[in-house]
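S.K.: Here is how the chains run, residue by residue.
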Amino acid sequence: MTLNAIRLRLRALFDRAGAEGDLDEELRYHLEREAELYVRQGLSPEEAYRRARLAFGSVEATKETYRDQRGTRGFEDFVGDVRYALRTLWRDRALTVAGVVTLALGIGATTAVFSAVNAVMLRQLPFAEPGRLVELWEENPDRGWYKNVVAPANYMDWSEQANAFAGMAAYTDWLSNVTLVGQGEPQILVATVVTGNFLSVLGVRPLYGRGFTDADTWDEGQRPAMISHRVWQTSFRGDSSVIGRSFSLGGRPRQIVGVMPKDFAFPTPSTDLWLPTLFSRDDRVRASFRRAHWLRVVARLKPGVSRDAANASLQTVVKRLQAQYPEFNTRMGAGITPLHEFIVGDTKRPLLVLLAAAAVLLLIACANVGNLLLVHALSRGRDVSLRFALGATRSRVARQALTESLVLSTAGGLLGFALGWAGARALLAMQPTGMLPINDISIDYRILAFAILITTLSGIVFGISPAVIATRQSPAQALNAGGRTFTGGRVRRWGRHLVLAEVALAVTLTVGAGLLLRSYERLSKVEPGFDSQGVLTASLALPGARYDSGTKVTSFYTQLVRRLNEIPGVERAAAVRQLPVTVNAWSSDISVEGRGTDGVITEVLHREIMGDYFRTMRVPLLRGRSFTDADVANAPLVVVINETLAKQQFSNEDPIGKRISFDRVPDSTSFWRTIVGVVGAEHQGGLAIPARPEVFAPMAQDWTRGMALVLRAAPGRDPLSLIGPLRQSVRDLDSLLALSSVRPMSGVHAEAMSRERFTSLLVLVFALTGIVLAVVGVFGVLAQLVQTREREMGIRMALGAQQAQVRWLVVRHGMSLLVGGIAIGLLTALGATRVLATLLYEVEPTDALTYAVVGMLIATIGLLAAWWPARRASAADPALTLRAE
Amino acid sequence: MKDAPSDVLRGTLDLLVLKTLTLEPMHGWGISQRIQQHSRSVLDVNQGSLYPALQRLEQKGWIDSEWRASDNNRRAKYYRLTSKGKRALGTETETWRRYVTAVEDILAVT
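Here the protein sequences come in this chain order: E and W. FYI, in the numbering used here the residues of the first sequence are 1 to 885. FYI, in the numbering used here the residues of the second sequence are 886 to 995.
Next comes chain E alone, as it looks inside the complex (with noise of 0.2 Å):
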């Protein structure tokens, strides 16, 4: 093509109107100086004008042969339909408008799900070859325990004795506080602590500077330490020269040897810190390092060796423990999970509730699309018939109705790209702190191309083949009958199916709503065993370097705690060593004096408390007495114990003066301590949790620098405005501390359930979008039978039909579809709501109030969106719809 034909074409396309009349105007000059011709011939003015076309043979022909050449008649034609399309629509205004919002909900939500999903659950972990990286983990069938934390000494045995891996890496996944000084204000950053290998073992290179070394396992008197990302960025402003610098960080200089590419997020996306374990050599031979659990371990497969074969490898090894440390290792045994899978863990199964949601959703908005393309096509059947009438060959026809469904896709996509991009940040940023273990989201084309591909699809499918396939009439017959006979009934049930699977898919998807809202209120309604209104939390870590005896430790908490209570406005503080529904294994075994061996008590909690915790938070005191403050470090051995413990180890027994032991098996250096009171179970684990039992310490005997403050305000005080008078507290006694965590504790409470708001909420978002689609179904179905019986209803009148009877011909005609949908929904979710089962908590997924509910609901919904098309038909008018013939 020539640059000068693409010239003439562009002007085609862009001035259509001035290439028109240039041809026009240059034809017309044509023909007259052709008639001047004949007039200059004597001929008259009239007829040598008739001579002049004759000579130049059909004017008609001559333009389209040029417009064909032109080249750009298929293009004139596709600009023709959209315009046209264009036009319909916009006549159809409420139906358009509901297409499109019902395509770009079905899209956006399908999309801003599985991208989400698709991020956490199918993408690849940002390690090299991460297929062949597993998580090594410990069980103990007489303890409860799986997929636990490892002893750091049957770590170091697993890591040299099984020759399946090519090397196995330790880290903490308790995520510890540690304040950065120097950079400004005091910052809490959250550290996890790893073996020297962590970044080798996961094959990731630090975005500057360098990992660690395998030295760094241990005590050299190196103390480096590795930075996320994001510290980098916000707290040393990006300056890479900060690598090889020293800061105090935990209350010791530690050099900043690397950091951490954006997308590290390992073990979470929260880590800021990594610091190297450190361990003392003499560590390797203490009972300590073999009887305490709490290192995680992930390891990477020499190439070639299967999951299996490793395990195998690994078995071995845990047999040799078990022979070689009976002590410890009697029953305690390993596994292998891949990587993947253990860090996707009990997330995946919300996010697949959602996914199913979404999907379902979409489901509903497919049908959605075809049953209102139905109604449209339907509708102008008359026109259609016209058009037939007027020679258009059935593709033009049916090539017309498809540019109106494209357009109606492209407007649908492109609001449905939008709403899935923001619907993707949303879910985000509101996901429950730490649930989705990456920090960003893209969005997945793909998902999204299928998406809008589906609902075209489905629209072409079920509503415009049906309707075009309807028209297959002489267009005689179809205007002979006035567009009504032409709405055929088979077309019509095809369209009420429809309806019937929108409002089934609705209901279904309802129910599971309903069940985990049900769900989530039985656990808003858990009694926690504590009070959190007016109570103001706050989290606290002193550095081992300048705290480094219990002593000092413990001084510093009197004092802080004696502090806190004088501040005007707190009725009462005190700390302790987690706050309750937040507690992660903290666990021990007890023995009861006297009892012997069978006087063990495995996995007891234990906390350590400063001041007077119970009342502070409302934790009732049930017998005994609390602590004082001569329980000093030096005064007999107490502990509280809750009720929990009390009931399962004491219940015909006054527990009061009973003693114990945090050995298992005790001997003449064990420290018995006399249990002095017995206080109400909190929930420690979570509220789905019940209470475990506990043993509570008082600090002053067994001291620990982590603690949380807890401060109760006074009635009527917020507890937020005692934050100030908080941090200055804490400022007086150590200007180099910093606070985390500041939170009131209702917060804390309602983070609990976090997840689970979440969950329902979002499922319930879906049902909600799904049941006005439905409803919407429902009413385009109605109204268009009144529209196509709107005689019938005029001669029913004219005949003596009373308004009501009408009315109930279009209601009855919308409870059918209703009750059919329905009875189908219900049945579907009785299938379906199986999945939610392990989320739910206290209700079966057979609960058959939120079946009763739902299907009431659905039903009055529905009857609502019934009435408006009832009204219209009795309203017609049977004089003008008679007369209309």
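Take the hints with a grain of salt, since some may be wrong.
[Unchecked claim] To be clear about the criterion: a stretch of chain W counts as covered by chain E if any three or more of its residues have a C-beta under 8 Å from a C-beta of chain E, and this derived list gives those stretches:
id	stretch
1	907-914
2	940-946
3	957-966
The hints are simulated quantities; they were obtained by calculation from the structure and are not laboratory data. From a predicted model like this one, the values you see are computed outputs, not experimental measurements. Even glycine gets a Cβ: it sits at the ideal position worked out from N, Cα and C.
Add chain W to chain E, keeping to what the hints say.
M.R.: Frame of chain E, contents of chain W only:
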């Protein structure tokens, strides 16, 4: 009235239009008149088919067009031969001559 005007052979119209335009820029009607006169009305260009031919030639870049005032002071679209068109005319003429010679040779033999 013209006697039995023969149709211009398909494809030769382009050649005639190009040749006509070597004299001076002309509008459509002028071209048709000129072809008719020079062929002493033997070749009666089907006037309607002239315009698609002009469009074709313009798309090929062999001719150019512009609107200007005509001899009787009205707006008309004038076509002008481009240099590319001049070259094309040469080869087209050559092709035509060979064609005619070939046909005549055949006629002479039989």
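S.K.: The stretch 907-914 of chain W covered by chain E? Criterion: 3 or more residues, Cβ-Cβ distance below 8 Å.
M.R.: holds (count 3)
S.K.: Do three or more residues of the stretch 940-946 of chain W come closer than 8 Å to chain E, measuring C-beta to C-beta?
M.R.: Our answer is that it holds, as 6 residues pass the Cβ test (under 8 Å) against chain E, meeting three.
S.K.: Under 8 Å between beta-carbons, do enough residues of the stretch 957-966 of chain W, three at least, approach chain E for the coverage claim to hold?
M.R.: holds (count 4)
When each numbered hint is compared with the structure, no violation occurs for any of them.
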